[in-house]
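All chains, full assembly: derive it from the sequences and hints.
Quick note: the sequence shown, position 80, residue 80 per full-length UniProt numbering, numbers continuous.
The hints are simulated quantities; they were obtained by calculation from the structure and are not laboratory data.
All C-beta atoms in this analysis are idealised placements derived from N, C-alpha and C, irrespective of residue type, glycine included.
Wrong hints could be hidden among the right ones.
DSS-like cross-link-like pairs, simulated, lysine-lysine; straight-line CA separation at most 30 Å [what the hints assert, rightly or not]:
(1) LYS615 x LYS41
(2) LYS294 x LYS250
(3) LYS338 x LYS352
(4) LYS55 x LYS338
(5) LYS444 x LYS615
(6) LYS94 x LYS55
(7) LYS338 x LYS348
(8) LYS143 x LYS155
(9) LYS212 x LYS155
(10) LYS444 x LYS338
(11) LYS55 x LYS352
(12) LYS94 x LYS250
(13) LYS94 x LYS348
(14) LYS141 x LYS352
(15) LYS41 x LYS81
(16) LYS579 x LYS141
(17) LYS94 x LYS294
Listed next, with one range per pair, are the computed distances between beta-carbon atoms [as the list claims (entries may be wrong)]:
(18) SER257 x ARG163: 45 to 51 Å
(19) PHE508 x GLN292: 52 to 58 Å
(20) LEU355 x ILE420: 50 to 56 Å
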Amino acid sequence: MTDNEMATQREPNGVALTDQQPKTLELNFQEVNYTLQNVIKGPTQILKQASGTLKSGRLTAILGPSGAGKSTLLNVLAAFKINGVDGQFLINGKPRDIMAYRKMSSYIPQNYVMLNLLTVEETLRVSADLKLPRSTTTEEKQKIINEIMDILQLKCCRQTLVRNISGGEHKRLSIGIELITNPPIMFFDEPTSGLDSVASYQVICHLQSLAKLGRIVVCVVHQPSSRLMRLFDDVLIMAHGEVLYAGEQKDMLTTFSQFGYNCPQYYNPADFVLEVGSESSSTQRCEDLILQNKLRHSIIDKNSCKFHIDESAALLNMPPTTLTHSQELGNMHLLRLKERVGFFYQLKILLKRHLRSMSRDMMAVQLRILMHIIVALLLGVVYWQIGNDASKIVSNVSCLFFIILFVFAGNAMPSILLCIQDSAVFIREYYNGWYSLRAYYISKVLADLPLQLICPTLFISIGYLMTGQPPELFRFVMCWGILVMTSFIGHFIGVVAGTSLTMQLAIFIVPSVAIPFLLFSGFFIRLRELSWFLRPICDISFFRYIFEGLLRAIYGYNRGELACSEVFCFYHSSEQFLKDFDMLGDHYSWDITVLMGFVLVLLLAFYIALQVSIKRALR
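As structure tokens, then:
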């Protein structure tokens, strides 16, 4: 049996890419309007009575000058914009079912963010594992991946990291990720953006081949060359939010000439229609052209409606639902697709992906671990063997406070940077039903756990010995516990800020919020010396409990008299020192319990931040 014969025997969720789609599809949209609600400027109408028809087996280009509403129309057609939209959306003459429609279509944005530290094959593998049913065997998944790489010419870079592939390969890989489930409808927002003429031609050729296999393929293209224009079967010309023409490319220039727009000989048709679209839409010729397009697409041949959207739901093993457009507007949460695999399988795949990416990230793992070792050695040289000297107790306290600052900042700031790309990937994959929020959240927390244990462990192991702290195991363990809590708090503050804020704002906010809390740690001023109205702030400063816990671990629990290398040492007694710092009493367990409480609060805040980022992305 040949490979092609084997491919045609796949299940519906893993059908061969070379197969014809089982049914003929026709997507008709009529009198579609989109109004953007702006708090400052008020409502602005972006799309105005847009009408057109998209057919399977044909590659359609959406053209128009900048600001014409091309990307907005694509988002509306892909059901990525719901609020502010009205009009009719019909598939083979029947009202679309929003959930089945989302299931059978895919949307590839202009900036398709992927994890840079996975290889091309690993990226496709994760997509196959999460998008295909659990019943699909490993061999079947590998056949699908191999076929996609063969069709999109990605075999030569299958073991290359995503960050090292070219722009054209990146575009083709984004197409391959969506091809895993072989969707009948595909939308592309400027797939040639940032590519040279050769790479652009290759990408459009791939889209044309996908369309010829029976799909509806629609893409926004910005100023294509005449060579690219010849690859499109249908075109949709937009100007000022209205559709001037929607139909076959071969009839485009003829239609324009009927209204007095004559394209010069040997002139690029794309440049010509862009010039026409740049004219004012208030001219009579433009109005007549728009009206004729509306009339052409307002009549639907109901005898050609052979395929109802509920049948597509059955084909995709999905129970049909019926939502009117008004119901769609009020049910934004229903737009998210259902996951195809179970929770524990999602957790396994995501955890494996997180760990693999982290192991290859120089800043996240290698450089951070190296810096903890280097700074610990530097700390040991500067504060060499001062931990048991009563005459240097103030310097030792400064040493301990520096340890706190470094562990906190060394874990908070890198976590901000690492969240930026992950957040964009998470939003896209979650919205497309790859996995649940709970699975991503738990996998992210577990994947970060080893690094949050390794870094403070290395740091305190080197620093504790070199600075001459008391050689007692229980004191070392208590110091280690405090620094692990500090690492967790710093990390999750960075994660929450990186998830909910922009990178620039997060980098500014985290130090700005942390520094005031340092004032109430007890290092710069003793708590009893604070004004009465400021003392409650000490109770919510996590630095206070970190500092207290560390000092009690070193000087508390009946440490007794300290060795004095000078004639007189004021703090010869460790108890006297803790008393002067208002930290008398063996209450380490209370400090560590409060810090655990802070960690739990930050874990909850991280979960809420993920929910907020999801809602913000769906606006």
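Cross-check of the supplied hints:
1. A C-alpha spacing of about 23 Å is found between LYS615 and LYS41, which places the hinted pair at or below 30 Å, so the restraint holds.
2. Pair hint LYS294 plus LYS250 holds up; C-alpha atoms about 19 Å apart against a cutoff of 30 Å.
3. Taking the CA atoms of LYS338 and LYS352, the gap is near 22 Å; set against the 30 Å cutoff, the hint holds.
4. Distance check on the hinted pair: LYS55 and LYS338 sit about 27 Å apart at the alpha-carbon level, within 30 Å; holds.
5. Taking the CA atoms of LYS444 and LYS615, the gap is near 20 Å; set against the 30 Å cutoff, the hint holds.
6. Taking the CA atoms of LYS94 and LYS55, the gap is about 15 Å. The hint holds against a cut of 30 Å.
7. Between LYS338 and LYS348 the alpha-carbon distance is near 18 Å, which keeps this suggested pair within the 30 Å criterion.
8. Taking the CA atoms of LYS143 and LYS155, the gap is near 13 Å; set against the 30 Å cutoff, the hint holds.
9. Taking the CA atoms of LYS212 and LYS155, the gap is about 22 Å. The hint holds against a cut of 30 Å.
10. The suggested pairing of LYS444 with LYS338 holds, with an alpha-carbon distance near 21 Å, which does not exceed 30 Å.
11. Taking the CA atoms of LYS55 and LYS352, the gap is near 40 Å; set against the 30 Å cutoff, the hint is violated.
12. With a CA separation close to 28 Å, the supplied pair LYS94 and LYS250 stays within the 30 Å bound.
13. At most 30 Å may separate the alpha-carbon atoms for a hinted pair to count; LYS94 and LYS348 exceed this at roughly 41 Å.
14. Distance hint between LYS141 and LYS352 is fulfilled; the C-alpha atoms sit about 17 Å from each other, no more than 30 Å.
15. A hinted pair counts as satisfied when its Cα atoms are at most 30 Å apart, and LYS41 with LYS81 qualifies at roughly 20 Å.
16. Between LYS579 and LYS141 the CA atoms are separated by roughly 67 Å; this puts the pair beyond 30 Å, and the hint is violated.
17. Note on LYS94 and LYS294: the hinted pairing holds, with a Cα-Cα distance of about 19 Å set against a maximum of 30 Å.
18. For SER257 and ARG163, the Cβ-Cβ distance of about 49 Å falls inside the hinted range of 45 to 51 Å, so the restraint holds.
19. Separation of PHE508 from GLN292 is about 55 Å and conforms to the stated range, judged on CB atoms against 52 to 58 Å.
20. Restraint check, LEU355 to ILE420: a C-beta distance of roughly 19 Å breaks the suggested window 50 to 56 Å.
Hints 11, 13, 16 and 20 from the list above are not met by this structure, while the remaining hints are.
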